[in-house]
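Given chain A, put chain B in place with the hints provided.
Top to bottom, those sequences are chains A and B.
Quick note: the first sequence uses the working numbering, first residue 605, plus one each step.
Quick note: the second sequence uses the working numbering, first residue 8, plus one each step.
Worth flagging that the hints you see were computed from the coordinates, not collected in a lab.
Note that CB positions come from ideal geometry on N, CA and C, so glycine has one too.
Be careful, since some hints might not be right.
Each computed DSS-like pair below joins lysine-lysine, with the alpha-carbon atoms no more than 30 angstroms apart [what the hints assert, rightly or not]: (1) A/Lys1159 - A/Lys1086; (2) B/Lys51 - A/Lys1005; (3) A/Lys818 - B/Lys51; (4) B/Lys299 - A/Lys784; (5) A/Lys1072 - A/Lys1159; (6) B/Lys299 - A/Lys865; (7) A/Lys622 - A/Lys686; (8) B/Lys98 - A/Lys1025; (9) A/Lys785 - A/Lys865; (10) A/Lys818 - A/Lys686; (11) A/Lys774 - B/Lys299; (12) B/Lys98 - A/Lys1020; (13) B/Lys51 - A/Lys1025; (14) A/Lys1162 - B/Lys51; (15) B/Lys51 - B/Lys98; (16) A/Lys686 - A/Lys808; (17) A/Lys1005 - A/Lys1072; (18) A/Lys1025 - A/Lys1005; (19) A/Lys784 - A/Lys865; (20) A/Lys686 - A/Lys665; (21) A/Lys1005 - B/Lys299; (22) B/Lys51 - A/Lys1086; (23) B/Lys299 - A/Lys1022; (24) A/Lys1022 - B/Lys98; (25) A/Lys785 - A/Lys706; (26) A/Lys865 - B/Lys51; (27) A/Lys865 - B/Lys291; (28) A/Lys1025 - A/Lys1013; (29) A/Lys1005 - A/Lys818; (30) B/Lys291 - A/Lys1013; (31) A/Lys818 - A/Lys622; (32) A/Lys1156 - A/Lys1086; (33) A/Lys706 - A/Lys686; (34) A/Lys785 - B/Lys98; (35) A/Lys1013 - B/Lys299; (36) A/Lys1020 - B/Lys299; (37) B/Lys291 - A/Lys1022.
Away from chain B, derived, C-beta distances all over 12 angstroms, residues of chain A [what the hints assert, rightly or not]: (38) Lys686; (39) Ser821; (40) Arg892.
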Amino acid sequence: MGAANGRRFAEHGIQAMKRTSVKIVGASGQGINSIGEILAKGLKRSGYCVFGYREYPSLIKGGHANYQLDIANEHIGSSETKVDVLIALNHHGLEVNLEEVKQEGLVLHMTAGWQFSAPHQELINRRRLRVIYFPVDDVLLRLHANPVLSNVLLTACLWSILEQDIGLLKSIVAETFSAKKGLLELNMRCIDEGYSALDPREGKVRISLPSPRKDFSGHLLITGSQAMGLGAIHAGVRLYAGYPMTPSSPLLSFVASLENKTRMVVKQAEDEITAAQIVSGAMYMGTRALTATAGVGFDLMSETISLNAMIENPTVFVLAQRPGPATGLPTWTSQGGLLQAVNTSHGEFTHCVLSVSNSQDAFDLMPVAFNLAEQYQITVIVLTEKQIAEALYTQAPYDGKSAEIHRGKLVTDPDKLKELKPADRYDPTATDGISSRWLPGSQAATYCAQGDEHDATGAVEESWPNAKSQTEKRMRKFQHLKAALPEPTVSVASQKEQTAPWMQDDKEIELLAVGWGSTQDVMLDVMSSEELREVRIAYLHYTYLWPLHTEKLQKLAKRSRRIVIVEQNNRGQLGVLIRMESGVDITDRILKYDGRPFFYDELLAFLRQRLVDDVDGHALATANSGQTSSSPQRAQELS
Amino acid sequence: MNTELDITARAVSEYYSETRATWCAGCGDYGIWTAVRYALAALKLHPWQVCLCYDVGCHGNGSDKIEGYRFHGLHGRVIPFAAGAKLANMKIPVIAFGGDGGTFSEGIGHLVHGLRSNYPITFVLHNNANYGLTTGQATPLTWQDQPMNTSPNGIPERTLASMDLVFSLEPTYVARGFSGDITLMTRILTAAIEHRGFAYIEMLQACPTYNHFATHDYLLERYFDANAAGHDPSDLERAKGLATQTQERIACGILYQREDVPHFYERLVSRAGVETTCVEEVRKYDISEYCKELQ
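One chain only, chain A, in its complex shape (with noise of 0.2 angstroms):
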């Protein structure tokens, strides 16, 4: 590392940006959600932003899990792996997470008596940590309170450091016990004492938090399973059939805990075959349904896919994603989906893959996913993962207009559907591939929607030249699609700030680095950073999948210093797809597959070696081709 270049990163250190976060540690089951969906409901409501993340083992009990929560007077979607205030339900919190803690960072704990191990006593000292031991129990005691009630103790009094109006907590908690009178009077009896629990005599102790920004107040909390049920919902999907897998299980939920309200039709189906058969059928006979799953769950639909490929179905599949193979990591997240999706099922078809990456596109998606499949009467396969599925969003307000509801050429006007033949259905010279589509019921000829290859009429038929033709009226599809989807997204700088002067001056960028999923916010709360504010640096997003559009990238890496791959895989799937279509080959790859997202800080780091790396010594970061170093020359030799 030059000493010059080095310093130009390096000063800024990565609090450049007024991030603060809290962590929640403790066994499974010991309430740690609740104090962290009360602590963000607050914070949301005084004005911030806050981005909540939780990490938990597959079990009901026991385990260590954890709820983070960073907070910002800004946007932000990413966590840190440092954090600035711990709080441990349980000892065994203090021992795993307290090197997590900043220098000078808050420890609050409940366990009586603890002794830290000697390294863990210097690791105090050297960071000057303050450790607050907080009696829960003997207050609990006193007040004759259930020791779920903790829990609102330890909220109180962090409330109290965070220097937050403790009105605005009691009417938090209130709204959930409001119909408990008795229980409601001990939770407000719990926050007066949790709140003045620290004696101010022994020093005041607080978490100055940034000033607050009145509109995150009248924001969404939201996780991406709640985004993306509502975006169904706001589809018109009238019917919901799934299997219960994690991380697509929050989805199958929040849609059945609104079924009394939608008045849809919700079935928890026998497996993940017949959730996907079930959605099928819904779709032809004419309604708009929707399942999900995740990635072991997404083989035993694979079939079904097919099926509908062949019998032009338009279907809405959504993929959560979680690290394989097998079971995996279940409550665990990954971009390890990307190839399973496109190469899904058997038989060569037109689909089209698409991932959201937070709880805004969660929603925009659905509605936009649902009109290419029956636009183009294909199945869409909609990617999400555990970190987007139940990751906790600081959402604006959903635009409720915007959205159009598109069905294609679907026939419903009755002197239209008196002039069908049944050979309209399956029609090989439609000039997009896309034939008419009417549905049973309809007052008109009737058709088959066969499985086996077929005659313009859904009759069996075998012969080669109408296998030919209709294998190429299916795949005739693929280019009108790939023509209908956006390009990749360029953003520079942060999320306000699409582009930027540099950008459109056509100078170099330093480096593009370029992902999909959950990977756009932490790099755009990277970008946003005051490190990183001015470095010309450029990041490329891809919600459109398959087909895969590369004309922007190679256009793009013909400016590029350098490139970079970003993803939460083994492979680089996108790298492998961005090959396989252009012969781009993006050698320089940040990977990450062990099933944590990536973090604020740790990402900024991985951009951070990358550019000073080239500023210092182009020549030798070049030569060591490879996984850590991208080679855009070559990149424009191969496009």
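Below, chain B alone, put in the same frame as chain A:
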């Protein structure tokens, strides 16, 4: 029981298809195919008013030999597809057809849950006691020890007691037909389509090419119309006995029926009082009400 059927030739001919039949001479599918058209005509249903869903097998090759909105899907999976279709549009009668292989091997879970869910559909089991289309392998309903393609020494597994299984799942309609008696099949099909919940029909059918044990003549000698013989379909114990004991004589007709059990859709609280179908409800929905709870 040979009753007069209220079928005009014109109504049946609406279901006529130009596609030539490809079944073997003497195949039971001809009879079942004919009875299905008679039943639909008897119910005064036009082809555009019905949805016919076929599983994979010889019977499934009939999917293009009849009119109507049809579907021909994957092996063993026809019941959930048909259920999904029905739940989306309760106004359309949905009839699913499957063979004994697909239904009791690959798709047995779907049958179990279809019966348990009491979906308002008709399911017609084409039982020829073998996998015909894959050239005569044993199915779970093939007799034990019967030599078949891939099991020259006879299958070591016990024959699955299909009617015991069906009755263990508290069915609301169970009937049995024989491919040699079109009138009887038409009667039980007509009643099944009009039945409130999940109607299970077993059609015993001849397979002249691969089934050399339960042949047309074998079935013809043993079958009888139980209803004509005085069987009351509300008698559960008698129905079970008739359904499961087939060594001497084979009882056909409507063996069991009850109309007092709500079907799946009727049990959906979310759909109570909703007059429209899911198909009719596709439009953009306002979600602002649901957002309030996420503030």
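Against the structure, the hints:
Taken as a hint, the A/Lys1159 and A/Lys1086 pair is honoured in the structure, with Cα atoms around 18 angstroms apart against an allowance of 30 angstroms. At most 30 angstroms may separate the alpha-carbon atoms for a hinted pair to count; B/Lys51 and A/Lys1005 exceed this at roughly 45 angstroms. Of the pairs offered as hints, the one joining A/Lys818 and B/Lys51 is violated, with about 66 angstroms between alpha carbons and a cut-off of 30 angstroms exceeded. A hinted pair counts as satisfied when its Cα atoms are at most 30 angstroms apart, and B/Lys299 with A/Lys784 qualifies at roughly 22 angstroms.
A threshold of 30 angstroms between alpha carbons decides the hint, and for A/Lys1072 with A/Lys1159 the separation of about 36 angstroms lies outside it, so the pair is violated. For the suggested pair B/Lys299 and A/Lys865, the alpha carbons sit about 13 angstroms apart, so the restraint of at most 30 angstroms is met. A C-alpha spacing of about 13 angstroms is found between A/Lys622 and A/Lys686, which places the hinted pair at or below 30 angstroms, so the restraint holds. With a C-alpha separation of about 23 angstroms, the suggested pairing of B/Lys98 with A/Lys1025 holds against the 30 angstroms cut-off.
Among the hinted pairs, A/Lys785 with A/Lys865 is consistent with the structure: their alpha-carbon atoms are about 27 angstroms apart, no more than 30 angstroms. Distance check on the hinted pair: A/Lys818 and A/Lys686 sit about 27 angstroms apart at the alpha-carbon level, within 30 angstroms; holds. Using a Cα cut-off of 30 angstroms, the hinted pair A/Lys774 and B/Lys299 holds, with the two alpha carbons roughly 19 angstroms apart. Restraint check: the Cα-Cα separation between B/Lys98 and A/Lys1020 comes to about 22 angstroms, which is no more than 30 angstroms; the hinted pair holds.
The straight-line distance between the Cα atoms of B/Lys51 and A/Lys1025 is roughly 22 angstroms, inside the 30 angstroms bound, and the hint therefore holds. Distance check on the hinted pair: A/Lys1162 and B/Lys51 sit about 69 angstroms apart at the alpha-carbon level, beyond 30 angstroms; violated. With a C-alpha separation of about 15 angstroms, the suggested pair B/Lys51 and B/Lys98 falls inside the 30 angstroms cut-off, and the hint holds. Simply put, A/Lys686 and A/Lys808 have alpha-carbon atoms about 23 angstroms apart, close enough for the 30 angstroms limit, and the pair holds.
Among the hinted pairs, A/Lys1005 with A/Lys1072 is inconsistent with the structure: their alpha-carbon atoms are about 43 angstroms apart, more than 30 angstroms. Annotation: proposed proximity of A/Lys1025 to A/Lys1005 is violated, straight-line Cα distance about 37 angstroms (limit 30 angstroms). Note on A/Lys784 and A/Lys865: the hinted pairing holds, with a Cα-Cα distance of about 24 angstroms set against a maximum of 30 angstroms. Distance restraint check for A/Lys686 and A/Lys665: the Cα-Cα separation of roughly 26 angstroms lies within the 30 angstroms cut-off, and the hinted pair is therefore satisfied.
For a cut-off of 30 angstroms, the pair hint linking A/Lys1005 to B/Lys299 stands: about 17 angstroms separates their Cα positions. For the proposed pair B/Lys51 and A/Lys1086, the alpha carbon gap of about 46 angstroms is over 30 angstroms, so the pair is violated. As the CA atoms of B/Lys299 and A/Lys1022 are separated by approximately 46 angstroms, the hinted pair breaks the 30 angstroms bound. With a C-alpha separation of about 20 angstroms, the suggested pairing of A/Lys1022 with B/Lys98 holds against the 30 angstroms cut-off.
With a C-alpha separation of about 41 angstroms, the suggested pair A/Lys785 and A/Lys706 falls outside the 30 angstroms cut-off, and the hint is violated. For the hint linking A/Lys865 to B/Lys51, the alpha-carbon distance of about 37 angstroms lies beyond 30 angstroms, and the restraint is violated. With a CA separation close to 15 angstroms, the supplied pair A/Lys865 and B/Lys291 stays within the 30 angstroms bound. The hinted pair formed by A/Lys1025 and A/Lys1013 meets the criterion: a straight-line CA distance of about 15 angstroms does not exceed 30 angstroms.
Note on A/Lys1005 and A/Lys818: the hinted pairing holds, with a Cα-Cα distance of about 24 angstroms set against a maximum of 30 angstroms. Under the criterion of a C-alpha separation no larger than 30 angstroms, the hint pairing B/Lys291 with A/Lys1013 is consistent with the structure, at around 18 angstroms. With a C-alpha separation of about 17 angstroms, the suggested pairing of A/Lys818 with A/Lys622 holds against the 30 angstroms cut-off. With a C-alpha separation of about 14 angstroms, the suggested pairing of A/Lys1156 with A/Lys1086 holds against the 30 angstroms cut-off.
Annotation: proposed proximity of A/Lys706 to A/Lys686 holds, straight-line Cα distance about 6 angstroms (limit 30 angstroms). With a CA separation close to 48 angstroms, the supplied pair A/Lys785 and B/Lys98 exceeds the 30 angstroms bound. Between A/Lys1013 and B/Lys299 the CA atoms are separated by roughly 36 angstroms; this puts the pair beyond 30 angstroms, and the hint is violated. Distance restraint check for A/Lys1020 and B/Lys299: the Cα-Cα separation of roughly 43 angstroms exceeds the 30 angstroms cut-off, and the hinted pair is therefore not satisfied.
Proximity of B/Lys291 to A/Lys1022 is assessed by CA-CA distance (about 28 angstroms); at most 30 angstroms being required, the pair is judged to hold. Every Cβ of chain B is farther than 12 angstroms from the Cβ of A/Lys686; the closest lies at roughly 29 angstroms, confirming the non-interface assignment. In this structure A/Ser821 is not separated from chain B by more than 12 angstroms, as the shortest Cβ-Cβ distance comes to only about 9 angstroms. A beta-carbon of chain B is positioned within 12 angstroms of the beta-carbon of A/Arg892; the least distance is around 5 angstroms.
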